[in-house]
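Engineer: Please build the complete structure, drawing on both the sequences and the hints.
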Amino acid sequence: MVFAVVSLVTALAAPGAFAQLAPVEPASPNAEGIRDSYLFVSIFVVAIFVLVEGLLIAFIWKYRRQKRARFDDGAQVHGATNLELVWTAGPVLVLAAIAAFVFVELPGIKNVPAAGASGDLEIRVTGRQFYWQYEYPNGVIAVDRMRAPAGVPVRLVVTAPDEDVIHSWWIPALGGKIDAIPGRVNETWFEASREGVFRGQCAELCGAEHARMLAEVEVLSRAAFAAWLEERRDEQTAGTSELGQELWEGVCAKCHGLAGEGGIARRIAGSTILQDPEAVEDIVRNGRRTMPAVGAGWTSEQIEALTTYLQESPPSGN
Amino acid sequence: MATRVETTPAWQRGKVVSWLVTTDHKRIGILYIGTSLLCFVLSGAMAMVMRLQLAQANADVVSPDRYNELVTIHGTSMVFLVGVPILAGFANFLVPLMIGAADMAFPRLNAFSYWMFALGGAVLMLSFFANGGAAKAGWTSYPPLSTQTAGTGQDLWILSLHILTVSTVAGAVNFLVTIHNLRTRGMTWTRMPLFVWSIYVYSWLIMAVLPVLSAALTMLLLDRGLSVAGLDVSTSFFRPEDGGSAVLYQHAFWFFGHPEVYIIVLPAFGIISEVLPVFARKPIFGYKAIAFSTVAIGFFSMLVWAHHLFTVGLAIPLQSFFMVASMVIAVPTGMKIFNWLATLWRGNLAFDTPMLFALGFLSLFVIGGLTGIYLAAFPIDWQVHDTYFVVAHFHYTLLGGVVFAIFAGLFYWWPKMFGRLLGETLGKWQFWLLFAGFNITFFPQHFLGLDGMPRRVYTYANDEWETWNLVSTIGSWIMGVAILLFVVNVLRARKGPRVGNDPWQADTLEWYATSPPPPHNFDEVPYVTSARPLYDLRRRLREKRGETGAL
Chain C
360 MVFAVVSLVT
370 ALAAPGAFAQ
380 LAPVEPASPN
390 AEGIRDSYLF
400 VSIFVVAIFV
410 LVEGLLIAFI
420 WKYRRQKRAR
430 FDDGAQVHGA
440 TNLELVWTAG
450 PVLVLAAIAA
460 FVFVELPGIK
470 NVPAAGASGD
480 LEIRVTGRQF
490 YWQYEYPNGV
500 IAVDRMRAPA
510 GVPVRLVVTA
520 PDEDVIHSWW
530 IPALGGKIDA
540 IPGRVNETWF
550 EASREGVFRG
560 QCAELCGAEH
570 ARMLAEVEVL
580 SRAAFAAWLE
590 ERRDEQTAGT
600 SELGQELWEG
610 VCAKCHGLAG
620 EGGIARRIAG
630 STILQDPEAV
640 EDIVRNGRRT
650 MPAVGAGWTS
660 EQIEALTTYL
670 QESPPSGN
Chain F
87 MATRVETTPA
97 WQRGKVVSWL
107 VTTDHKRIGI
117 LYIGTSLLCF
127 VLSGAMAMVM
137 RLQLAQANAD
147 VVSPDRYNEL
157 VTIHGTSMVF
167 LVGVPILAGF
177 ANFLVPLMIG
187 AADMAFPRLN
197 AFSYWMFALG
207 GAVLMLSFFA
217 NGGAAKAGWT
227 SYPPLSTQTA
237 GTGQDLWILS
247 LHILTVSTVA
257 GAVNFLVTIH
267 NLRTRGMTWT
277 RMPLFVWSIY
287 VYSWLIMAVL
297 PVLSAALTML
307 LLDRGLSVAG
317 LDVSTSFFRP
327 EDGGSAVLYQ
337 HAFWFFGHPE
347 VYIIVLPAFG
357 IISEVLPVFA
367 RKPIFGYKAI
377 AFSTVAIGFF
387 SMLVWAHHLF
397 TVGLAIPLQS
407 FFMVASMVIA
417 VPTGMKIFNW
427 LATLWRGNLA
437 FDTPMLFALG
447 FLSLFVIGGL
457 TGIYLAAFPI
467 DWQVHDTYFV
477 VAHFHYTLLG
487 GVVFAIFAGL
497 FYWWPKMFGR
507 LLGETLGKWQ
517 FWLLFAGFNI
527 TFFPQHFLGL
537 DGMPRRVYTY
547 ANDEWETWNL
557 VSTIGSWIMG
567 VAILLFVVNV
577 LRARKGPRVG
587 NDPWQADTLE
597 WYATSPPPPH
607 NFDEVPYVTS
617 ARPLYDLRRR
627 LREKRGETGA
637 L
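As given, the protein sequences belong to chains C and F, one line each in that order. Using my numbering, read the first sequence as starting at 360 and increasing by one per residue. Using my numbering, read the second sequence as starting at 87 and increasing by one per residue.
Incorrect hints may have been included.
Claimed, not checked - Subject to a maximum C-alpha distance of 27 angstroms in a straight line, what follows is the list of computed DSS-like cross-link-like pairs (lysine-lysine):
id, chain 1, residue 1, chain 2, residue 2
1, F, K581, F, K514
2, F, K514, C, K426
3, F, K514, C, K421
4, F, K101, F, K581
Unchecked claim - With beta-carbon atoms standing in for the labels, derived distance ranges:
id, chain 1, residue 1, chain 2, residue 2, range
5, F, K514, C, A458, 40 to 46 angstroms
6, F, T615, C, R429, 23 to 29 angstroms
7, C, P496, F, F215, 49 to 55 angstroms
Treat the hints as calculated values from the structure; they're not laboratory data. From the three backbone atoms N, C-alpha and C, an ideal C-beta is built for every residue, glycine too.
Structural biologist: Rendered as structure tokens:
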């Protein structure tokens, strides 16, 4: 307890160190509702903490043995029914208050706001070992980095392919997490209140590279987002987009290394297979030995983007 | 009652053999505790390696797969090879003595329980050497990750848990029959020591929920595919590609898993309820309230499992139910804490090592209980679930809580087990180092979780998390030193001073027997007229001598 306090104080005082005492600064109404609930609960938590630890320390000090004999009796009190009632009813009231507050905040956290004049947006989020894939309504595909407009409700349809494992989508500033579960479709949402890049990562153990399954959301102005989305669609149709590089970095490099130098999976830099589009497609779609089928279900544009990228800029190996 | 004649055959009398063939509940209890402590040291070492890996961002102390193996076996072992069995060890040693019985109801079943535990423990620990390494899907082993992992580690994990379940259930049956039938004359239900109450509820919980774990694990094993006598079995209970439900496993696992927490915590509560009054020189405050709250916690613990599933996308009314049910548990838990505090009130407090650990338990468990309120409120849980906030929370309850209670119990009952005290000076050093190291390790993890660091990651890319991770790692090594002091203390205690039957002037029947007690425990047992038979006895003796004044 003493050290809890000490580390708390150090946390607040130490330069450069941060002490995160509540969920991160929200950038979406749902994250704000959660943070408000957290702070509300904290009022009671801090009060009870001070009460209990305070009584404990006071009793330890006041009733220490001092000059009494080792085995002298303390007061032979066996209990008090009224006190039992008080410390049963007290917590019930506190918990009722907390539950009530949660239910009041809940609609603002759970319900997607109605689409405003600028409409809304639905993005399909698929968790896979070990990357996030996003599909926009116009067919644009992105990996790991999501772009979204500010001030527009964004509905996320979150799932994982049948042959994959469970992941959990979580960008702390944009709300709570929701699991991406094979065979199940979940929904969540955010409405970014400001532009910027918000980071998060997979929150459900999903295998060896779980720790590398990062996600970020880049919030753009509405106009910038609309322009990006359109440009991206044209590029992906024409096969000139950066999707190939995104796939290499998000999907292949997590295990094989950014330059193909090897990581938890073997070195692939210099492998002739990388120059053979059909062989790459076969491995990516079907997996091989311990490698999962990371590209099962990919569109032909995705495959092409990757194979073109590999031919144009083969991994250097260092 | 006549002294029994010992009729042990000659071949069973050897120093080692006598322990291997023993059916004496006291020896079995000591075997349980010793084996669990060994597993505690091993699993603690695993945690220290994990902390080393996390001391810096992008460190390379262990490989990602190895890290996940350590996460999995550390958690599984701390729950199944330390938490449950060490408390079963205390229960084995203490329940017959506390209720004035000569042994457990089924001594041979008792020995069987222990040896199954030892076997299951060996299977789990040795699975590191299996083809493909140990299981690496976490102690919860959620499918499809656990059904897809190649290698035999995951299968050995299932096998080990099956064996341990047999051991635990057999032990629970034995405790129930013993407590129902072997209480000495005058020991009614409301005169039973509170530790025995906690073991009674612990046993019922085991009977109720362990079979569900067995079912879930069997389904998991079948989903992984099994070849028996040329017959290939492969099912899809949890595999979505063939219509199974991955979430079904989570329901089954946590229907077992949450009561499991209380299976471990309740006996720890029981230890605290025994230690506090003795070192406060008072009766426990609110005996009936504490006994009742034990039963209430046990019952409600079976209605809260889905608070572990708040992020899988359950319907809101379901999440609401499980929030309220989880909050309900806080009420009887609060009752206990307030009654313990009231037990200190107007006491004559002595701060021997058992008391220090009991008070440490009280101060730390409160923190774990309070952070639990955030987790029960499901929208808040959507934010902090599966982060280091949760890791901090459950270590405050299980390490700050249960392990501190276990050390309180070890220092308190050691003289009864071995007739010699553990060293007080080393014990106090151990306490303060463990207390400091614990808070330095786990308090900063709240900050990390709130800032977005998920649990079960072998590394992190965010440099801002480095400071608190380093602090946490330093704390874990301070705890390592504290545990080392305990090992030294145990080794030195073999030459420590002998003590009499009742060095603490305690109130319960185990202190009426000699230290250590003979194989049959008691030559005679005093008639029990209250929850404090030895206090009554001392008072009667004093009255006989015509003394007055304080005892």
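Engineer: Going back to the hint list, which numbers does this structure go against?
Structural biologist: The structure conflicts with no hint, since it agrees with every one listed earlier.
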